[in-house]
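Visitor: Sequence:
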Amino acid sequence: MQKVIVTALLLLLVTTCTFCRAQSVQQDLTLKYVAAIPSQKAAKTPIIILLHSYGSDEQDMFGLKNTFPPNYLIVSARAPYPISGAGFQWFDLHKADAQSEINSSSAQIVKFIAEVVTKYKADSRQVYLMGFSQGAMMSLQVGLKNPDKVKGVGILSGRLFPALKNEIKVTPALKNLKIFIGHGTADERIKFQEGKDAVEYLQSIGLKPDFHAYSGMKHAISNDELKDLQNWLK
Numbered sequence: 569m570q571k572v573i574v575t576a577l578l579l580l581l582v583t584t585c586t587f588c589r590a591q592s593v594q595q596d597l598t599l600k601y602v603a604a605i606p607s608q609k610a611a612k613t614p615i616i617i618l619l620h621s622y623g624s625d626e627q628d629m630f631g632l633k634n635t636f637p638p639n640y641l642i643v644s645a646r647a648p649y650p651i652s653g654a655g656f657q658w659f660d661l662h663k664a665d666a667q668s669e670i671n672s673s674s675a676q677i678v679k680f681i682a683e684v685v686t687k688y689k690a691d692s693r694q695v696y697l698m699g700f701s702q703g704a705m706m707s708l709q710v711g712l713k714n715p716d717k718v719k720g721v722g723i724l725s726g727r728l729f730p731a732l733k734n735e736i737k738v739t740p741a742l743k744n745l746k747i748f749i750g751h752g753t754a755d756e757r758i759k760f761q762e763g764k765d766a767v768e769y770l771q772s773i774g775l776k777p778d779f780h781a782y783s784g785m786k787h788a789i790s791n792d793e794l795k796d797l798q799n800w801l802k
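Taken in order, the sequence shown gives residues 569 to 802; the numbers are from the numbering used here.
FYI, nobody ran anything at the bench for these hints, they're computed from the structure.
Be aware that one or more of the hints could be misleading.
Keeping only pairs whose Cα atoms sit at most 30 Å apart, straight-line, the calculated BS3-like set for lysine-lysine is [said to hold, decoys possible]:
1. K612 / K663
2. K689 / K733
3. K776 / K713
4. K719 / K600
5. K746 / K713
6. K802 / K786
7. K743 / K776
8. K776 / K802
9. K689 / K759
10. K764 / K713
11. K759 / K776
12. K764 / K743
13. K759 / K687
14. K743 / K689
15. K689 / K786
16. K689 / K609
17. K679 / K717
18. K679 / K663
19. K737 / K612
20. K719 / K776
21. K802 / K717
22. K795 / K600
23. K663 / K733
24. K795 / K609
25. K733 / K687
26. K719 / K759
27. K600 / K679
28. K776 / K717
29. K689 / K764
Just so it is clear, the structure is predicted and the values come from calculations on it, not from any experiment.
Input sequences plus hints: build the corresponding full structure.
Guide: So this is what it looks like as structure tokens:
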């Protein structure tokens with residue numbers, strides 16, 4: 569179904585780097601995943617957890633691994649619900665009410681974060697969730713509800729669940745949450761306006777999302793967006 573779409577330059581990087589080849593799937597934590605150990609060691613290792621889109625899997629977002637700083641532990645998780653035919657989902661797009669699946673996936677992601685921190689002896693104060701499309705929605709859901717467990721969220725072509733607005737508690741931890749939102753103006757699957765609506769709502773409750781609009785970009789991730797994401801991490 570949906571896959572991360574990138575420019576030719578990024579595809580070249582992905583095909584030439586050693587870490588971007590398919591990795592062995594790990595099954596020892598709540599969610600199945602692939603991981604890349606940082607090439608630069610640090611006393612406190614920061615973490616980026618990647619959440620894929622509808623119909624994809626953990627290998628898809630993992631292809632972006634080498635675009636992130638070398639001191640980060642990169643973990644790409646697989647959504648818990650399989651789709652008939654191929655791929656996985658965080659919740660069923662075709663259900664009139666998928667809230668129970670959204671809640672279940674959210675709880676599993678929160679548990680997974682703690683497990684990753686423990687297994688890799690990483691820094692629990694430097695956890696970033698980043699997702700594309702459906703994975704972006706889940707990243708925003710988890711980050712806004714659990715700002716004590718996540719330092720920042722990277723939202724790539726996503727939107728805010730309407731039901732989440734009634735569940736957000738504006739705390740000091742939430743106000744410190746770093747938020748990157750990137751969206752293509754020509755997105756045909758999750759409309760650009762939905763990304764803008766999320767930004768405007770977050771601003772209305774006192775948050776300061778870093779918003780980037782990409783002219784003419786469809787439902788995709790571009791090199792420009794990845795560069796902006798790298799700068800945001802710094």
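Visitor: So, for every hint listed, does it hold in this structure?
Guide: Status of the hints after comparison with the structure:
no.	hint	in the structure
1	K612 / K663	42 Å, violated
2	K689 / K733	34 Å, violated
3	K776 / K713	16 Å, holds
4	K719 / K600	22 Å, holds
5	K746 / K713	13 Å, holds
6	K802 / K786	26 Å, holds
7	K743 / K776	8 Å, holds
8	K776 / K802	16 Å, holds
9	K689 / K759	39 Å, violated
10	K764 / K713	20 Å, holds
11	K759 / K776	21 Å, holds
12	K764 / K743	19 Å, holds
13	K759 / K687	38 Å, violated
14	K743 / K689	27 Å, holds
15	K689 / K786	38 Å, violated
16	K689 / K609	12 Å, holds
17	K679 / K717	10 Å, holds
18	K679 / K663	25 Å, holds
19	K737 / K612	29 Å, holds
20	K719 / K776	14 Å, holds
21	K802 / K717	19 Å, holds
22	K795 / K600	28 Å, holds
23	K663 / K733	20 Å, holds
24	K795 / K609	23 Å, holds
25	K733 / K687	33 Å, violated
26	K719 / K759	27 Å, holds
27	K600 / K679	12 Å, holds
28	K776 / K717	18 Å, holds
29	K689 / K764	37 Å, violated
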